[in-house]
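Engineer: Work out the full structure, taking the sequences as your base and the hints as a guide.
Going down the list, the protein sequences come from chains A and B. Just so you know, we're using my numbering here: the first sequence kicks off at 1 and counts up by one. Just so you know, we're using my numbering here: the second sequence kicks off at 1 and counts up by one.
By construction, these hints were calculated from the structure, which means they are not laboratory data. C-beta atoms are modelled at their ideal positions from N, C-alpha and C, and glycine is treated no differently. Incorrect hints may appear among the rest.
Stated by the list, open to error - Chain A side only, calculated, beta carbon under 8 angstroms to chain B, not exhaustive: (1) Leu-123; (2) Gln-421; (3) Gly-453.
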Amino acid sequence: MTRTTTWRRKATGLTAGIAVAALALTACSSGGGGDEATTAAVSQADIDKAMQTPTTLTFWTWVPDIQKEVDLFEKAYPQIKVEVVNVGQGADHYKKMRSALQSGKGAPDVTQIEFQHVQSFALGDNLLDLTPYIPADTKDDYVPWVWKQVLSTDGSKIWSIPQDSGPMGILYRDDIFQAAGVQVPATWDDFATAAQTIHTANPSTYITNLPGNDMGQFTGMMWQIGARPFGWDGDKTVTIDVNSDKAQQLAQYWQDLIQKDLVSVDPDFTDTWYQGLANGKYASWSPAAAWGPVFLQGTAESTSGLWRAAQVPQWEAGGDPVSANWGGSSDAVLKSTKNPIAAAQFALWLNHDPSSTLMMANEQFLFPTTNDTLASPEFADQKSEFYGGQEVNKLFAEISTTVPEDFGWLPFMDYAYSAGQETVGKAIADKGDVVGALKAWQDDLVGYAKQQGFTVK
Amino acid sequence: MTTADLRAPEKPTVLRRGPSRLRRRESAAAWVLITPFVVLFLLFLVVPIVYSGYLSLFREQLVGGNTFVGLENYTRALTDPSFLSGVARMALFLLIQVPVMLGLSLVFALLLDAGVLYLQKVVRLGIFIPYAVPSVIAALMWGYLYGPDFGPFAQLADKLGTSAPPFLSADWMLFSLMNIVSWEFIGYNMIILYAALRSVPRELFDAAAVDGAGTVRTAWSIKIPAIRPAILLTVIFSVIGSFQLFNEPSILRNLAPNVIGIDYTPNLYAYNLAFINRDSNYAAAIAFILGIVIMVVSYTVQLSAQRKERAAR
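Structural biologist: Here's what the structure looks like:
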């Protein structure tokens, strides 16, 4: 529109162009490394030596105040200095990681990676297999399904150390439920009935909100209902099955609620949504993850004491409860690090040492991944004012044991979520054909996978 | 004759040597002076463009490596509904928004120039100020104003017992964006036009007044034709800006993620192709085609304006 702005826009385009150029330029040179990590364990003597050698590690993460845990680590290992860098959250973080990795410069030693993106960095051969660097029985200290999230697809390599997880439950407004005379729904059928009752009692209230922009939540629900939409063999074959019977059942269920106007469809993590949580437009956040309770306290402060947490509704009445996961991340060591031993020890210590994990759980409210912290009275027995004195942590710790282990990912989840939002998400937001959109998502993903050189099973 | 013939070549060579040394020194200075520009120009404009062009001829897969594919990315773009719909959307944007924006800019400029407004300087500054607001901030601000539950429009409508227009819905979004962009750039274009108006010789207006032309007639028949080149300039800048729309939709996408898709504008699409789809080769091709589209449209605008001008003469 104007000279400067045109220029400014051109400049943005240009920067992007240069970044793109940098990506491609270095992509050609990245294959040559070939220093395969030995599977022989690193000896304790080597570890001790490394931990007493002055070393500086760079750690990229967006966890707020993680410096506190890093301080604990530096106290335990005074020779190791850790520089914490926040390069942005989620997508921004990964963009910068990819640029740094492909340019071969400026990548951190240790980095945060969410569970669903671990395999995408494994595909790029960017991650250090931690197996030789950590005790063989480390896995026994973690919740089994969580541990599965950080392994290579064949289970032979450890790509990262789990930091936090997000088993799913629901958070609901006890006052609204009681006023409408609704019990906490045990099954999704009950939930649908309750949705009708609540909306009839007060037409401006919806039992929950289903966002069209949160494929993480939608994927969590697929996990719960038993759909297994994604998979990768660790090489060139991917499994894409987002249009399975189970997924269709899930889509049909929500489509019915949406079309009967019993569920709102505002995008989540927007001002509209925050308002809806605070002003009673949504009578619950279903399903919510284990990091939700504390998040909600900050968002809907004015409704303190009115909320409660509960198990996620079940698809089958009377069976063993089944939950799923939404969110959660881990800390990985990049293959390019010059200090693999110190970096691996740091990643492990941060997410394994009880003093650090407990602090993360209680101060940063990262939902724990180690069995000890989950069972620790200092964590589990906390009563939350916001939830009317309920022991919310204990509840979610129980839920965590009901998450199925066998859920896999594609090595390109950023695209998968983006495409899902353009198809399924859009259908949700438009109150349209969510079931039909699953097929569009499936076709889109298969097309992309083939174009990227994968074989689709 | 012969003596002259013999002598003639001597003198010119002497004469020629003088100025040529001077000219050489001058041209050396010129080269030194433009070197910083040329270096930066090559480094930050020509090299990236050439490199992007080179990139656009390849296809790099997540598995399977990098292959030369010639113009395949270009043929793919020309049949890609995402890209084509983005271009069409921007064309629509251009057809509606640019005339409205420039029309208002022109009216304000003429009003200011005619001196019929009170508080001239305050008004001039007031209209110009939005341009000083970075477009990211402007988009954030308008995003808040448009908010369906919390924005001032929504609150006002709520008090009046109705509901505010759904600014962020699929049907309204393009117009909401047009409004933001117009708000940002009316002032800027106004200043260009106003400056051009100020440089029109005043005698022309006196002559028109003597001939009995009123303010409107003077504006229509004298001022507007006199600043035609400035108007053309603003049109071309606006054409380029429209096709490159990125910041505003990218920010409103946070508020309406399912209305503004990844392919809402061609620039947004190219960005997402590079960073979400990890298909930077195709993104480079898209950027190139977009550049060509902009060039063609700008040139068409310029050509038709010139033709009109010639016809008017």
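Engineer: Does each hint fit the structure? Answer for all of them.
Structural biologist: Hint check results:
Taking 8 angstroms as the C-beta cut-off, the interface hint given for Leu-123 of chain A holds, the closest approach to chain B being about 6 angstroms. With a cut of 8 angstroms, the hint placing Gln-421 of chain A at the interface with chain B holds, because the nearest CB-to-CB distance is about 7 angstroms. The criterion of a C-beta within 8 angstroms of any C-beta in chain B is met by Gly-453 of chain A, whose closest approach is roughly 3 angstroms, and the hint holds.
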